[in-house]
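Student: Given next are the chains, with one letter for each unit.
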Amino acid sequence: MTAELGHFALILALIVAALQTLIPAVGWAKRWEGWMGFAGPAALAQFLVTGLSFMALLRAFMTSDFSLALVVENSHSAKPMLYKIAGTWGNHEGSMLLWLLILALFGAAAAVFGGGLPLRLKALVLSVQGSIGLAFAAFILFTSNPFTRLANPPFDGGDLNPLLQDPGLAFHPPFLYLGYVGLSMAFSFAIAALIEGKVDAAWARWVRPWTLAAWIFLTIGIALGSWWAYYELGWGGFWFWDPVENASFMPWLIAGALLHSAIVAEKREALKSWTILLAILAFGFSLLGTFIVRSGVITSVHAFASDPTRGVAILVLLAFFVGGGLTLYAARAGSMQAKGVFGLVSRESALVVNNVLLAVSCFIVFLGTLWPLFAEIVLGRTLSVGAPFFNAAFVPIFLALAVILPLGSILAWKRGNLSRAGKDMAPALILGVALGGLAFAMLTGRSALGALGVAIGAFVLFGALTDLWLRAGRTPRRLLRLPRADWGRGLAHGGLGVTILGIAVLSAGTLEDIRVMQEGEVMEIGAYEVTLASVSEGQGPNYLTTMADMELRRGDRLVATLHPEKRFYPVAGMPTTEAGIDSGLFRDVYLVLGDPQEGGGWAVRAYVKPFAGWIWGGAILMALGGLVSLTDRRLRIAAGARRTAPPAGVPAE
Amino acid sequence: MRRLALILLLLLPLPAAAVQPDEVLADPVLEARARDISAGLRCPVCRNESIDESNADIARTLRLIVRERLVAGDSDEEVVDFVTDRFGEYVLLRPDTSGANLVLWIGGPAMLLLAGGIGLATIRRRASATEEEGLSAEEEARLAELLKE
Numbered sequence: 001m002t003a004e005l006g007h008f009a010l011i012l013a014l015i016v017a018a019l020q021t022l023i024p025a026v027g028w029a030k031r032w033e034g035w036m037g038f039a040g041p042a043a044l045a046q047f048l049v050t051g052l053s054f055m056a057l058l059r060a061f062m063t064s065d066f067s068l069a070l071v072v073e074n075s076h077s078a079k080p081m082l083y084k085i086a087g088t089w090g091n092h093e094g095s096m097l098l099w100l101l102i103l104a105l106f107g108a109a110a111a112v113f114g115g116g117l118p119l120r121l122k123a124l125v126l127s128v129q130g131s132i133g134l135a136f137a138a139f140i141l142f143t144s145n146p147f148t149r150l151a152n153p154p155f156d157g158g159d160l161n162p163l164l165q166d167p168g169l170a171f172h173p174p175f176l177y178l179g180y181v182g183l184s185m186a187f188s189f190a191i192a193a194l195i196e197g198k199v200d201a202a203w204a205r206w207v208r209p210w211t212l213a214a215w216i217f218l219t220i221g222i223a224l225g226s227w228w229a230y231y232e233l234g235w236g237g238f239w240f241w242d243p244v245e246n247a248s249f250m251p252w253l254i255a256g257a258l259l260h261s262a263i264v265a266e267k268r269e270a271l272k273s274w275t276i277l278l279a280i281l282a283f284g285f286s287l288l289g290t291f292i293v294r295s296g297v298i299t300s301v302h303a304f305a306s307d308p309t310r311g312v313a314i315l316v317l318l319a320f321f322v323g324g325g326l327t328l329y330a331a332r333a334g335s336m337q338a339k340g341v342f343g344l345v346s347r348e349s350a351l352v353v354n355n356v357l358l359a360v361s362c363f364i365v366f367l368g369t370l371w372p373l374f375a376e377i378v379l380g381r382t383l384s385v386g387a388p389f390f391n392a393a394f395v396p397i398f399l400a401l402a403v404i405l406p407l408g409s410i411l412a413w414k415r416g417n418l419s420r421a422g423k424d425m426a427p428a429l430i431l432g433v434a435l436g437g438l439a440f441a442m443l444t445g446r447s448a449l450g451a452l453g454v455a456i457g458a459f460v461l462f463g464a465l466t467d468l469w470l471r472a473g474r475t476p477r478r479l480l481r482l483p484r485a486d487w488g489r490g491l492a493h494g495g496l497g498v499t500i501l502g503i504a505v506l507s508a509g510t511l512e513d514i515r516v517m518q519e520g521e522v523m524e525i526g527a528y529e530v531t532l533a534s535v536s537e538g539q540g541p542n543y544l545t546t547m548a549d550m551e552l553r554r555g556d557r558l559v560a561t562l563h564p565e566k567r568f569y570p571v572a573g574m575p576t577t578e579a580g581i582d583s584g585l586f587r588d589v590y591l592v593l594g595d596p597q598e599g600g601g602w603a604v605r606a607y608v609k610p611f612a613g614w615i616w617g618g619a620i621l622m623a624l625g626g627l628v629s630l631t632d633r634r635l636r637i638a639a640g641a642r643r644t645a646p647p648a649g650v651p652a653e
Numbered sequence: 001m002r003r004l005a006l007i008l009l010l011l012l013p014l015p016a017a018a019v020q021p022d023e024v025l026a027d028p029v030l031e032a033r034a035r036d037i038s039a040g041l042r043c044p045v046c047r048n049e050s051i052d053e054s055n056a057d058i059a060r061t062l063r064l065i066v067r068e069r070l071v072a073g074d075s076d077e078e079v080v081d082f083v084t085d086r087f088g089e090y091v092l093l094r095p096d097t098s099g100a101n102l103v104l105w106i107g108g109p110a111m112l113l114l115a116g117g118i119g120l121a122t123i124r125r126r127a128s129a130t131e132e133e134g135l136s137a138e139e140e141a142r143l144a145e146l147l148k149e
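Residue numbers (full-length UniProt numbering), protein chains in the order written: chain A, 1 to 653; chain B, 1 to 149.
The following block holds chain B by itself, in its conformation from the complex (with noise of 0.2 Å):
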């Protein structure tokens, strides 16, 4: 227990920290790609944090060969694929397209699709169909009760 409570303490995101002043790039437009590509990479043993925002040791080491590789002349994607070989897709905080990972794209317009045609199915229905009588005399009086105060 607690073993437990200490792995999970390590586990926290500990606070402050994140990009050290050494590791800043002279070359402020290469700087900014760097802090892009670390925002949308997660830090590997953190819970839910960029490698931009963590301060754990392999959050600096990735951040560091982020940087290495795009003063090395890398593309943005290059440096991704990069830390993606080494790391596996975990480090992704944007999924890749591959495979049932669609779904995951998909599902969000899919749903607005099929949510928006029952929808409009609905408003149709009720501007079509023919006004009702409204409520019951036994419903108007108990309503009618009710509203008094």
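Bound-form chain A, shown alone (with noise of 0.2 Å):
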């Protein structure tokens, strides 16, 4: 009964979807206040059915409704309960509805908080939200839908991907999503202010919050799956240049540049149909990632639905509303007029830049992630895009965007001197080389790129350290009272050079040895011994284990002991390995049990990993200074504005 109860959910979410695209934009057309104020409550009552229709798709999951195909498929009574939540969205029909559910909130909160937007300009927002909300629901409905039932319910399910069946992984979709949707809003912004006609600062102010918002969804997103992969895939890879994680990404590099552009447009009045631009392909490379991930058309790790119909149907999708988007944009961006004059050394000549090189490794990403497809269909030639091409074409322009970070930050508004920024940033700098040079001396000139990345990142960690010291008037009591803005750029930028640190120490200094070990054995691996004391068999929940004891020491001393482990899930008849793995500040020891081999023993893999854990680090530290910058009052308007209207609302007689 509840599933056709979130069926018939999903049908009113269409069908108000619809009502909140039409009568509001009639409204816009005819002018009538009414019909424009029916958007708001619109987007509330879909954010509303859309959130019954995924609650009775999450109790299907949670009590284990096998008279449910999708739960049949992708759920067994066996599994953690965390994971049949996730087991939720672990699937192509149920993260459909995730997507559909978290466009809905976007729009109920532009709703609620969108208090202080022109009553005309919120219609038009939410009218395009709601165009969106239609679009996938019918998608859902027509080539999806999560509750089909089964004729003859077996009595129990074929599981979860073992693989996903991590917590890092039960909450990397639903921030990625988070992310892909959260753009929709600046897309939806960009929309009704062409359709408008006017792009003024207080426009840019309203965008900028949503799109920080997506941006630290999917930092978060991005950087859980990276994590995941690091210590579930068994050798310590944490970025692999896959079509989907170039999938998220791009929407990252492209939202990184929209964020930056918003602040020229806001405080400047210039920029402004780059903006634009952007917030349109912001929300395209995340309905592209979509179609990536949904159509399988490019072989990937996490193509999990792989059916041509439903690709197509998301290619028109994606072809709708970026070719309407752009369409509009070709017809109107001409008519927005740039105020703000600035200087050739200047904070806004700064941002252009970091625009340039933003879009140019996005358009790299994009380029790499979609030649595979364009030369089987058009030059008939089957080959790969993988990591060396990225490295090679990628890295580059990311750490030429890097050296001119720090200068660029300190930079002034309109007129900046150059010379002085450079006098300013020398000791950032200084240490910068010192470090690289260290690192050099240290990885014994194994890496030269490892010690200019290391350089690198440091400048860049040190120079947001410069900024904030400088941004303070060298007074450091003064640090504390600095606007939460500056705050949040020093730890967004700070969190960069981090992470640019952690990849690079790592990808030059990784310790490696691969051997057979006999239980009692003793490896040793740079300053430290490992010995393999015993490996014994287990069960958990829903597995089967083979669970080492390991011994970390360095000299006499015990650091660690370490269970790596195989795992076999039987149900769905696949095998996962369990790295063993000790995080510290300056490095993680990473063990993993191998297969038995013939003659006894068992082949053993250890890593010694320098500053691992920097690079999520650094993704924490980006996500935060979003959020810390998100809470700067002065974004806060639109709440802000409501605070000081007149109680709204008359009472119900």
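Treat the hints as calculated values from the structure; they're not laboratory data. Treat the hints with care, since some could be wrong.
Ranges of calculated distance between the beta carbons of each label pair, as one might list FRET restraints [stated by the list, open to error]:
1. Leu114(B) <-> Leu479(A): 38 to 44 Å
2. Asp27(B) <-> Ala533(A): 53 to 59 Å
3. Asn145(A) <-> Gly99(B): 43 to 49 Å
4. Leu114(B) <-> Thr148(A): 45 to 51 Å
5. Gly526(A) <-> Ser75(B): 30 to 36 Å
6. Glu598(A) <-> Asp27(B): 23 to 29 Å
7. Ala26(B) <-> Asp556(A): 29 to 35 Å
Once the Cα atoms are required to be at most 27 Å apart in a straight line, the calculated DSSO-like pairs of lysine-lysine come out as [to be verified]:
8. Lys267(A) <-> Lys339(A)
9. Lys198(A) <-> Lys267(A)
10. Lys339(A) <-> Lys414(A)
11. Lys339(A) <-> Lys148(B)
12. Lys339(A) <-> Lys198(A)
13. Lys414(A) <-> Lys267(A)
14. Lys30(A) <-> Lys148(B)
15. Lys198(A) <-> Lys30(A)
16. Lys267(A) <-> Lys148(B)
17. Lys198(A) <-> Lys414(A)
18. Lys423(A) <-> Lys148(B)
Keep in mind it's a predicted model, so treat the numbers as computed, not measured. Don't be surprised by glycine CBs; every beta carbon is placed ideally from N, CA and C.
With the hints as a guide, bring the two chains together.
Tutor: Okay, here's the thing in structure tokens:
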């Protein structure tokens, strides 16, 4: 019964979305305030019914309702509750429903917090948001209904892919979706601005919080996915340039560019049409990401729904929204007058360079991701584009961006002084170069690129600290009184430096040993001794495990006892690896248990991975920086305006 | 549907494995070269994994072939050619620059020049533009109202 209720609620969502699209738009055209005012309640209603539908599906998964085909295919009664819940979105149909729910959530948030928006703009924004909801609700209902019943329910289900049964991955998709779909707000605002033909400082200020929120979620989602790959796939890789990783990375890059250009649009009334274009592109890349994941045209680890009809449907949606958006842009962008004047050397110019480099790096990822598809269809060549290409093409551009970042962040608006900025940044630069040299010496010259990465990462990190120091007028007690936006910028930029540092040191300085070990045998790696104490068999809630006891010693001191595991999930018939990791501030020791060998003993893989934690630590700092910035009072004008507005609503009688 | 699922499962990266202890060459220099080469060769039946990371049987076979060729005295290029001759350019994770692939390699730098040019033109235009009047009186009032918290 709940499944039918969920299905019914989903149909209601479709109808509400249609009304939310049409009525405010008509109201806007005819200047009927009542019709425009319909947008807010409609957005709330849509969130309510979509939420109801999602809850119904969630309940089916939590109670293991095997009369639903989706639950049978993706769940099992013995699975831990967390993964039953995560199973709701660990499949195509459920994840699309989550997509729709988050879309409705953002629409409802705009309705609630958008009290300060002009009525006409708000009506248009919510109408565009409603049209996206309409398209996706139709997509779910007609091609991927999650509520399909089975006539003869089986006794138990087929289990969720064991690789996905992991706390890191349970929350990876919701965060990514919050990011992807959050960019729909920037899109809706851009389309509304184009229709209204008016982009001003206030508009840019309204768009920024939504973009910032989406960017924060994307950052967390990407970091979770990368962290998961690091500890779950069994050899400590953290980024694979996999098409689906790229699919989430492209919107992140564009959202980063959009955040920065919106600042220029807000403060200086320049780059307005470029900001609009970025807003359209950012959501376009989100849809492209959905297409890549859902269609399976680009084979990838993640493409769990490889269904051509769904792929085509999403391609049509992509063409409609992005094509429509770009057409509207082409027709209207010319009418946007830039106002701000700035010098060749200025914060504005630095942000233009930032945007150029971010856009180009995104373009490179785009080209590399879709090239195999293009080559196969157009050139008839079956080829691969993998990590070596991206490392060669993407990394230099991104490092160039990192080099100009510290300088650009302290240049003055309108007219900056490069030599003074250079002088202010000199200590950070010297520190960076010194650390780079140190890294080069310690890595015994193994990798010049690694040392360069360390130098640049350290420069960005110390540059961010310098930036805060300068903003506080070189007075420590003023540091705490800085606006949150300044702290947010410092944290986010510093976090980027930390991540670059981590990647550079990890890539250049990983130690590795692969060998056969007997129980009781000792292996030396770096400054550590690893003992394979014993190997035992065991059983988890829904898997069998072979677990090793391994002791990690440094000198005579026992650092940790680690338990790398090999698991086997009988229902899904799949093995997984759980690495034993001792995490530290400056290094991770990473142990993997391999197969038993003929003639006794076990294959064992041991790694010392310096600075591994810094990669995700930096990502956390970036997200935190975004969050701090989001709470800056200047970005909360909508809420502020709402507070100062006279109490709304009249008694019901 | 079930068969499709099974195929998908088989294509998923099976974790662990990768290079096995019995594959490692005694000569550390040769082994390092073997690892470098393997990291650039794609496992033909996997999804976006190099033979160095994959534990598919074919990846193991390829790793052994790479090492065999190295021990036989082949140069790095000869080893890669040996593998691509048999499996096609699909196994190259770093696509070559032949024919249309040039577009892939030049695309990034070309875009950088183009975007850089547009960016520079924008900056110059803004630098030489005369300062217009800021906000209109109406906009000023609206902004002030919005800023008031």
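Student: Decide, hint by hint, whether the structure agrees.
Tutor: Here is what the structure says about each hint:
About 42 Å separates the C-beta atoms of Leu114(B) and Leu479(A), a value consistent with the hinted range of 38 to 44 Å. The supplied range of 53 to 59 Å is broken by Asp27(B) and Ala533(A), whose beta-carbon atoms lie about 32 Å from each other. For the hinted restraint 43 to 49 Å between Asn145(A) and Gly99(B), the CB-CB distance of approximately 45 Å keeps it satisfied. A hinted range of 45 to 51 Å for the beta carbons of Leu114(B) and Thr148(A) is consistent with their spacing of about 49 Å.
In this structure the hint that Gly526(A) and Ser75(B) lie 30 to 36 Å apart at CB holds, the actual value being about 32 Å. Between Glu598(A) and Asp27(B), the C-beta spacing of about 24 Å keeps the proposed range 23 to 29 Å intact. Between Ala26(B) and Asp556(A) the CB atoms are about 32 Å apart, so this pair conforms to the stated range of 29 to 35 Å. Simply put, Lys267(A) and Lys339(A) have alpha-carbon atoms about 11 Å apart, close enough for the 27 Å limit, and the pair holds.
As the CA atoms of Lys198(A) and Lys267(A) are separated by approximately 16 Å, the hinted pair is consistent with the 27 Å bound. Pair hint Lys339(A) plus Lys414(A) holds up; C-alpha atoms about 12 Å apart against a cutoff of 27 Å. A C-alpha spacing of about 24 Å is found between Lys339(A) and Lys148(B), which places the hinted pair at or below 27 Å, so the restraint holds. For the given pair, Lys339(A) sits about 13 Å from Lys198(A) by alpha-carbon distance, which is consistent with the 27 Å threshold.
Among the hinted pairs, Lys414(A) with Lys267(A) is consistent with the structure: their alpha-carbon atoms are about 10 Å apart, no more than 27 Å. Pair hint Lys30(A) plus Lys148(B) does not hold up; C-alpha atoms about 32 Å apart against a cutoff of 27 Å. For the proposed pair Lys198(A) and Lys30(A), the alpha carbon gap of about 18 Å is at most 27 Å, so the pair holds. A distance of roughly 17 Å separates the Cα atoms of Lys267(A) and Lys148(B); the hinted pair therefore holds under the 27 Å criterion.
A threshold of 27 Å between alpha carbons decides the hint, and for Lys198(A) with Lys414(A) the separation of about 24 Å falls inside it, so the pair holds. With a C-alpha separation of about 37 Å, the suggested pair Lys423(A) and Lys148(B) falls outside the 27 Å cut-off, and the hint is violated.
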